[in-house]
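Each chain, letter by letter, is given below.
Protein chains: 4
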Amino acid sequence: MMDESSKLSVLQGFPVVVQLPIQWGDLDAYGHVNNLVYLKWFEAARAVYASRVGVEVLPRQNGVGAVLASISCKYLRQLSYPGNIFSGVRVVRVSIGSITLENRIADGQTGVPVAEGTCDAVLYDYAANEPVPVPDRIRAAVEELEGKSFTL
Amino acid sequence: MMDESSKLSVLQGFPVVVQLPIQWGDLDAYGHVNNLVYLKWFEAARAVYASRVGVEVLPRQNGVGAVLASISCKYLRQLSYPGNIFSGVRVVRVSIGSITLENRIADGQTGVPVAEGTCDAVLYDYAANEPVPVPDRIRAAVEELEGKSFTL
Amino acid sequence: MMDESSKLSVLQGFPVVVQLPIQWGDLDAYGHVNNLVYLKWFEAARAVYASRVGVEVLPRQNGVGAVLASISCKYLRQLSYPGNIFSGVRVVRVSIGSITLENRIADGQTGVPVAEGTCDAVLYDYAANEPVPVPDRIRAAVEELEGKSFTL
Amino acid sequence: MMDESSKLSVLQGFPVVVQLPIQWGDLDAYGHVNNLVYLKWFEAARAVYASRVGVEVLPRQNGVGAVLASISCKYLRQLSYPGNIFSGVRVVRVSIGSITLENRIADGQTGVPVAEGTCDAVLYDYAANEPVPVPDRIRAAVEELEGKSFTL
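Chains as they are written, first to last, in our numbering: chain A, 1 to 152; chain B, 1 to 152; chain C, 1 to 152; chain D, 1 to 152.
To be clear, the hints were calculated from the coordinates, so they are not data collected in a lab.
In silico BS3-like cross-links for lysine-lysine, where the CA-CA straight-line distance does not exceed 25 Å:
1) A:K74 - B:K74
2) D:K40 - A:K40
3) C:K40 - C:K74
4) B:K40 - C:K40
5) C:K74 - D:K40
Being a predicted model, the structure only gives us computed values, none of them experimental.
Go ahead and model the full structure; you've got the sequences and the hints to work with.
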């Protein structure tokens, strides 16, 4: 096994990285980790990111949550059981109405990337029950977390 | 509710369409159908398509199965519970080494599209344990099902 | 295939029965429908039952929802892909503080039972954020649906 | 947070314990970890246990796998996001034809038990495609792992 730092080298520049185990129930009839599970790992990292920049992940009366507008994933390697992975996510674009995120998953044993993807998220006001522009406070929190500014 | 034929008008040209119920467990913490579920509905239609063109969906010693190389989805509308959907799939491209499919999901009540996507699948020889070019018999079966030829 | 009526004979006495397809993604690494999927089918029938007797399945500010206190399942037969099932549920006991339900799943092709189970549900007041006794209106709705009374 | 040893005190006597994160996608429409997820955590611990006593978790031509005959779960506390849990499993009975396991899940933060359950597993010979008595080598491996003998 590689040491932790080199293992995560493909996830450098990703401010949020979560480590997750491959569970037996993640396998499908082919005996590999099912395609949907990679997207659940994307989601797991996204939820952590959202929490850190003030996006509500649990609906409440007030607050701004996120809704996915699109998602994509390239599968680079098949995974089997047992094992674990690192799921990283970063913001690559903040527009007036949406945020674009990039996901990357690395094998926990070898550190090689096993999947990459992107998604567009729209922010949503629960009280008003409608999409809203990216609030300044969330834009600022993203910029602080990423260490750079996202000009329009 | 619309009649069946008009309901499925957005799925015309999709040779495989499956109807699936929205289950309560498909909802996530936002109270909407979770993003991953749409992709499971894509998969459900894909598996039916695969069976119809001679791609093995259950691994055996011999036979050719399919592995996803990439997937994408645009979410057009949120869905809630209860309800049902129609998941359609068609092949839009057959290259030497992969098949590109297009997915579309329509709301079972209103017939409006709620998600669209594409994916690339690579065929896989179980006995040899490696990717293989699209076999002629599978290409022929796809062309018959789609009612057109896919020139390289 | 048997006709519908004889197919459902093992589900006679179950006032709520839902038909659900076996999806490819329901299979696990053994190539059979995963154990958890049977319980999702229990849940799917339970949610329909809940809706019919006035139990909220989508949390709102007001209203009474249900929380599972326990669940059990006997697996009678393995299922594979493709196929479909009927998931039936009935109430067998209503106490002051909980409702006991019985689940049964029949193979959609042969009509034979493939799984049986029970669960105890406690009702929950969202506004008060605490368990509540079974409200009279819900007890009455259950008794009407089941066609019998549940004396304490 | 408690120290690791006291946190796991409710899992003493469980030779296999796995730590698993609560993922956002594990939540259901009530905003709590869905009931099925607890059973997936049971399964995750069971698969580790199976691997350690020579039960195949990935079907091959030869080898002995396990099939669940029954399962039960008592839900002691609701869980929300974020968090993590410890899922422990131990064998409590080995008969000629089946093995009974006991599962317990503890909250990773507080160490309190949040669910308990049992299941019966039958061993299965892949080559012969039929259930088999518990092989001596597996019984011996279980007894070594548990540190006690299971007389019939």
